[in-house]
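**Student:** These are the residues of each chain, in order.
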Amino acid sequence: MSDIDNSNFDRNTKLDPATLNTKFTDVQTATAGALNGDNIRNSGVDVYNLDTTNTDGKVGTVLKWAQMATIGTGGAGLTVNFEAGATGLNGVSVGSDMTVNPAGTPAGVQLKTGDILRVYWTVDVDKGWTAPNDNVQYEFWALWLQWHLSSYGAGLFLPVPGQGDYDTNLPFLYGNQPEDNYAASFIQHATIISDSTSAINNAPAAAVMGATAESYIGGDINVRTTVSGCYHYVVEPAYNNLYLEALRVVAGGLLTTYYDAVANKNYIVVDHVQTSTPLLKVYDATISMLLMEPD
Amino acid sequence: MKKWTEAQARAANITDYEQFNKEYNAHKGTINGGIDRSMLPQDTIAKGYVVDKAFHKVHVNEYNEFPSSTSQYYDTGSATGAKEVRGLSYSTYSGGYIEILSQEYTDLKDGMVQIEFSAHLKLDVTFSVAAGGNHNKGAKIALEWNGVQLLETFYFTQPIQTIRVTAHTFTAGGTNTLKVKALCSPKGTTDWLHKSQMHFYNMRTMIIGRWR
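Protein chains in written order, with the working numbering: chain X, 2 to 296; chain Z, 12 to 223.
Chain Z extracted, bound-state conformation:
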């Protein structure tokens, strides 16, 4: 492994600056444009040696609730007070995956990206999907990176739970988009029309882009 050492120039070896510059520039030309691992000493590079985003970039974003009061899925007709949540109900949601957040990143480079999504998920599982004995209600989460689905969870079925889903994928440089989607069981015969069915509190995403 090559190592940089300090040259101990001796007066007898130096004839003039032109000779020195000629030699030096030739030597420099082998380095410039390619300061690589073999040009740099061992155990030297700390954070102060590198410009920002040379190795990685972390983004943390918070979104609070889904649905927000301006969402098309927000039901303004649900009850108020203790034990209640105002949000998505079967009067605003009929089933299938819906987008609960979208985040664009513009400063990533090609490499790998680690994605984490966390939230508190509140579900109304009290009433059955179908009258009589069938009580399997729940919600699923899906992560998409640039429109490509990375994962789909199993059904979350507790009335409230804290969830975290994590994925890794390769990514291109430039603009990239993360979307989180969710699915809730469709309305059964005994479900309430105006009761919040699927509500996300304190949604947060963290991504770590790594290109080395």
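Only chain X is shown next, with the shape it has when bound in the complex:
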């Protein structure tokens, strides 16, 4: 609890209006940088007292910035084709970028070490192919988050920290390290199930299912569904004082899992060999972001 002190006014203090008026700044002195949980919670400091001249709450006490945008591709949607390249994904933006605080001076919102960045996105998608194929049994698409910072060149977007572009040259295929998928949404292409009535299978190798014993879930193809994702990040010193100017969501695929016994890791890798021309269509999409004080 912050207290007002009175030790600066004694016998030797000259009594004149200027001195007295200075004395009355004690309250300001006591409250600047010293209001704590007791003042705030127990003594009811609330919205009335907060510096809410913006009237929108984005004053930096708790919330520094909040924004939402529609970034999708309406109407017929955007077709994201399966990438057959053997050097990782390129990815395509699901529509437009969300420009952050374009009217700011400078534009964007300034990141400070320790700030909490929260981003949420929702994207309507459906999937298609030229013919059913069980190659997609363990295959999926990805939507992932990229940002544009004030230190980047014009138009450059890079994946946010904790996320990769699925183009890292791993010893076996291209893809992401297991710890680089924190800002992604994964979308199964089609669920393949076995209709087999065979006996218990204890073998550790992958299954080879007979053509008559497998099916795919019809609702996974040409049926629109909504996919969401989120990203939570504590701003690291490398980004202190930079301005976050834009965010976008990128789509690409196909991906699959990969366990490497040498590194003893479960990777997410690009599967660049498919015969059924799988595709992903993206439609409406929204993105929202909040930048918060951590405490």
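These are computed hints drawn from the structure, not numbers from a lab.
Please read these numbers as outputs of a predicted model, since none were measured by experiment.
Some clues are possibly wrong.
Over the 12 angstroms line for every Cβ pair with chain Z, so calculated as not near, a few chain X residues [unchecked claim]: (1) G86; (2) G105; (3) G109; (4) W130; (5) P133; (6) S151; (7) T169; (8) N223; (9) P238; (10) Y244; (11) S277; (12) L280; (13) D285.
Output of the computed footprint for chain Z on chain X, the stretches with three or more beta carbons under 8 angstroms from beta carbons of chain Z [unchecked claim]: (14) 36–48; (15) 254–260.
From the structure, some residues in chain Z lie toward chain X, with a derived Cβ separation under 8 angstroms [what the hints assert, rightly or not]: (16) D63; (17) K133; (18) T137; (19) Q172; (20) T173; (21) R175; (22) Y212; (23) N213; (24) W222.
Just so you know, even glycine gets a beta-carbon here, dropped at the ideal spot from N, CA and C.
Take the given structure of chain X and dock chain Z to it, following the hints.
**Tutor:** Below, chain Z alone, put in the same frame as chain X:
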């Protein structure tokens, strides 16, 4: 509503410092120990006025995968290479809820807490629970705060999906513990013994404690 204003002291009103201090201290005594909303001016308090954790506290924690290679649920006998995952299998898991992460928080105050858990969930739904026509495999998530279950999800059934579950609850001050638990369908007659059945990638929790 009371407001602080700067007093315009006039020389004629001041007799000596002792009188001033007496008056001032009496006035100060009504404030100290209770600087509340009525003592503070309108539209003044910005972040620079308050000490940390006066209003809230945010924690973001990342846990990567479940199970890790040191987990009791990690099966070292599963296959390697493309389309494979090494983790929990029916040789290490028999069913029921298991704890996939636990996080302790020591700096919260009594108030409300917002909890978010997100991850990529990989399931092997290829083979049926029971031979012939029954294909309903899946996994559920449960959140516990200090041992009290806040929510249990429906079954997630896709081979891979990105999930986020959110809950709000009241909380006491001091040490608090979040646990996330998961359940997977038990083994059916045609399921593989050594194939990863339920694997979590990139697990992350975020909590926001709010006490005002």
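**Student:** Out of the numbered hints, which ones does the structure contradict?
**Tutor:** Violated hints: none; all satisfied.
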